[in-house]
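Engineer: Model the full assembly from the supplied sequences, consistent with the hints where possible.
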Amino acid sequence: MSTIFAKIIRKEMPATIVFENERILAIEDLHPVAPIHILIMPKKEILNFQSIASEDWPLIQEIFSIAQSLAKKYHIEEGYRFLTNNGEGAGQTIFHLHFHLIGGRRLSLLA
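First residue of the sequence shown? That's 1 in the working numbering, and the numbers climb one at a time after it.
One should not assume that every hint holds.
[Said to hold, decoys possible] Here are the computed lysine-lysine pairs in the PhoX-like style, where the Cα-Cα straight-line distance is at most 20 Å:
1) Lys11 with Lys43
2) Lys44 with Lys7
3) Lys11 with Lys44
4) Lys43 with Lys7
Derived by calculation from the structure, the hints in this document are not laboratory data.
Structural biologist: Structure follows, in structure tokens:
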């Protein structure tokens, strides 16, 4: 699979990286819906949330921990949204598992 995220992970495309280690990458969203909009993804290619294998749950736990740390770093720990879209029906357009960390203003309710 060669999504835009795979290309960013391989450094074939530029992105503003806010966190990176050997397993996880976090970047600024190119089309933010709030002042803080960060995408956090595993470097391992996983299609979506429904495709997470049992051996990948420690990786997902690490992503959640990084999301908490980034929320604190960007001073949004008192109010933010952390979500993923699973499949086309939910609005997933890039088929590489990623989570949105969104905050920096009061957020409206989701549909």
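Engineer: Against this structure, judge whether each hint is valid.
Structural biologist: To see whether the hints hold, each was checked on the structure:
1. Lys11 with Lys43: holds, 12 Å
2. Lys44 with Lys7: holds, 12 Å
3. Lys11 with Lys44: With Cα atoms ~14 Å apart, Lys11 and Lys44 stay inside 20 Å; holds.
4. Lys43 with Lys7: holds, 11 Å
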